[in-house]
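Number of protein chains: 2
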Amino acid sequence: MAGTNSELQLLAEGPAIILVEPQLGENIGMVARAMANFGLAELRLVNPRDGWPSEKARSAASKADHVIDHTRVFDTIEEATADLQFTYATTARERYGFKPVRAPVVAAETLRTKFKSGEKTGILFGRERWGLTNEEVALADEIVTFPVNPAFASLNIAQAVLLMSYEWMKSSMDDVSETSFEPLEQQQATKEQLYGLFDQMEEALNARGYFRPEGKRQRMIENLRAVLSRRALTSQEISVLRGVFGTFDKYGRQTPRGSNGPYAEGSKKEDDRNDT
Amino acid sequence: MAGTNSELQLLAEGPAIILVEPQLGENIGMVARAMANFGLAELRLVNPRDGWPSEKARSAASKADHVIDHTRVFDTIEEATADLQFTYATTARERYGFKPVRAPVVAAETLRTKFKSGEKTGILFGRERWGLTNEEVALADEIVTFPVNPAFASLNIAQAVLLMSYEWMKSSMDDVSETSFEPLEQQQATKEQLYGLFDQMEEALNARGYFRPEGKRQRMIENLRAVLSRRALTSQEISVLRGVFGTFDKYGRQTPRGSNGPYAEGSKKEDDRNDT
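First to last, the sequence lines map onto chains A and B. Under the UniProt record's numbering, the first sequence has 129 at position 129, and the numbering climbs by one with no breaks. Under the UniProt record's numbering, the second sequence has 197 at position 197, and the numbering climbs by one with no breaks.
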């Protein structure tokens with residue numbers, strides 16, 4: 001389901017993503033794809049090594065053309081951020097200085113708040129190999145860093161942009177447990193439906209002499225009922241189970257449903273002797 | 001800072017990542033890299049198209065060798081999940097059925113809870129082109145889906161694994177606003193320090209006839225103090241500002257610090273006439 005779907009609202013707003021001296025077109029394209037997935041659209045490049053436009057970037061963007069087509073190129077970070085009011089610098093390394101350091105969740109909430117109040121914001125991402133210089137970080141208002149494995153910290157720029165874009169999208173949700181689709185409506189069965197299942201099963205088992213010795217009957221019934229009530233069954237699940245028990249009850253291996261066997265539907269005990 | 005750092009704890013625990021019929025070695029490698037970044041280490045492949053091991057996967061994994069080296073290959077999802085007690089299926093499309101659908105945050109919390117209680121869990125990811133079949137989804141306990149842009153939903157498997165791995169790491173944090181490093185300690189200045197700044201600035205400005213007309217003096221002072229108190233200044237910031245005002249006050253363009261100019265440090269008015 002790649003590519004834009006014109007029937008659905010295309011989210012294209014929020015902070016600018018600013019890549020400082022990105023080297024590989026593929027990475028720029030993956031960045032655009034990551035942005036598009038989570039509703040960001042404004043990509044800015046500072047001195048891309050292989051120039052711009054880039055066919056490699058476009059193909060790696062997997063149809064995120066609305067991002068690629070509007071990507072702008074600048075010579076310096078100062079120019080790339082001139083119209084912005086608040087910027088984050090992403091960094092994996094600890095930096096000297098007094099700048100606040102934020103987790104992605106917190107940074108995304110801050111960006112969302114500023115977006116709602118009409119402020120223009122941006123997020124700076126450094127070079128593939130060595131990130132941002134301290135001087136570049138110093139141009140940002142705050143630092144955002146990712147909670148990576150202490151012994152293996154190796155996010156590439158497309159991965160870092162993906163995580164910030166994802167948190168940006170989440171920051172628009174009233175409830176982070178929201179999902180874009182829901183399971184089919186599940187109605188828990190009424191107790192009457194549950195007791196109906198108990199009765200059917202217990203009657204059929206009783207007719208087969210299941211509850212022996214008699215002294216154990218009550219305990220056996222309790223255990224059976226415990227098994228069937230441990231997980232709250234839905235009405236649908238109960239009707240499925242009743243069908244299963246009913247099938248075991250009415251039909252035999254030798255006399256399946258539809259046969260004229262002894263317990264075949266509609267047949268009567270009197271017919272039995274006519275069979276062989 | 002790619003690669004494992006033996007001085008730091010290497011996180012390698014948590015749910016198994018199960019890729020169903022992945023096609024490109026590069027994607028498998030990016031999946032391993034994403035996992036390693038967020039402390040996951042158990043990768044399982046069901047029928048990788050180009051076989052296993054894969055040099056392309058190893059190079060794309062960017063030194064996540066501890067994941068690549070222990071990757072296991074299976075013929076079927078049933079075999080790949082046989083030892084697990086709970087699995088999620090990732091899907092972007094709505095599916096028919098009654099399975100609970102969870103957001104990544106909720107799924108990660110569930111996986112963390114089960115991990116703490118010693119249960120073995122896994123997350124299923126589908127093929128690059130068309131994901132998981134309904135039959136494959138039916139083998140999982142619950143569904144997890146990502147809050148993507150309705151009009152542009154195009155996450156590749158490495159991106160999907162990255163997001164789940166990231167949420168897994170976050171689920172280990174007491175507070176999602178935690179960061180791996182902190183800014184240098186910032187002490188807000190005492191009011192005495194702030195008043196000291198006011199006095200220095202106002203005295204120096206007053207000596208220069210800044211507060212005119214006299215009737216406006218009080219208002220001008222209030223405005224100046226408002227500017228300096230709007231953002232809570234730290235002790236360090238106040239000493240920097242005092243140094244700035246002091247420099248303006250003591251030295252002139254023609255008589256910079258270190259010169260023997262009229263107001264030069266240590267010079268006395270009496271010396272002035274000796275200068276020209």
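Wrong hints could be hidden among the right ones.
Since copy identity is lost for identical chains, a pair holds within one copy or between any two.
[Claimed, not checked] Okay, derived cross-link-like pairs now, EDC-like style, lysine to aspartate or glutamate, Cα gap no bigger than 16 Å in a straight line:
#	residue 1	residue 2
1	Lys-216	Glu-202
2	Lys-56	Asp-69
3	Lys-56	Glu-214
4	Lys-99	Glu-182
5	Lys-63	Glu-142
6	Lys-99	Glu-237
7	Lys-120	Glu-237
8	Lys-116	Asp-141
9	Lys-216	Glu-79
10	Lys-114	Asp-141
In case anyone wonders, no lab produced these hints; they're calculated from the structure. These numbers were taken from a predicted model, which means no experiment stands behind them.
Tested hints:
Taking CA atoms no more than 16 Å apart as the test, Lys-216 paired with Glu-202 passes inside one copy only; the shortest distance there is 14 Å, against 96 Å between copies. Taking identical chains as interchangeable, the C-alpha atoms of Lys-56 and Asp-69 lie at most 16 Å apart only when both belong to the same chain, with a minimum of 13 Å there against 31 Å between chains. In this homomeric assembly, Lys-56 and Glu-214 never come within 16 Å of each other (Cα to Cα): the closest approach is 78 Å inside a single copy and 68 Å across copies. Proximity of Lys-99 and Glu-182 under a CA criterion of 16 Å is satisfied inter-copy only: 9 Å between copies versus 42 Å inside one chain copy.
Taking CA atoms no more than 16 Å apart as the test, Lys-63 paired with Glu-142 passes in neither setting, with 32 Å inside one copy and 30 Å between copies. Taking the shortest Cα distances, Lys-99 and Glu-237 sit within 16 Å of each other only across copies (13 Å), while inside one copy they are farther apart (57 Å). Proximity of Lys-120 to Glu-237 under the C-alpha cut-off of 16 Å is found in neither arrangement, the shortest distances being 53 Å within a copy and 27 Å between copies. Taking the closest pair of Cα atoms, Lys-116 and Asp-141 never come within 16 Å of each other, the shortest separation being 18 Å inside a single copy and 38 Å across copies.
For the homomeric pair Lys-216 and Glu-79, neither the shortest alpha-carbon distance inside one copy (84 Å) nor that between copies (40 Å) is at most 16 Å. Within a single copy, Lys-114 and Asp-141 get their C-alpha atoms as close as 13 Å, which meets the 16 Å cut-off; across copies the closest is 40 Å, which misses it.
Violation of the numbered hints given earlier is confined to hints 3, 5, 7, 8, 9; the remaining hints are satisfied by the structure.
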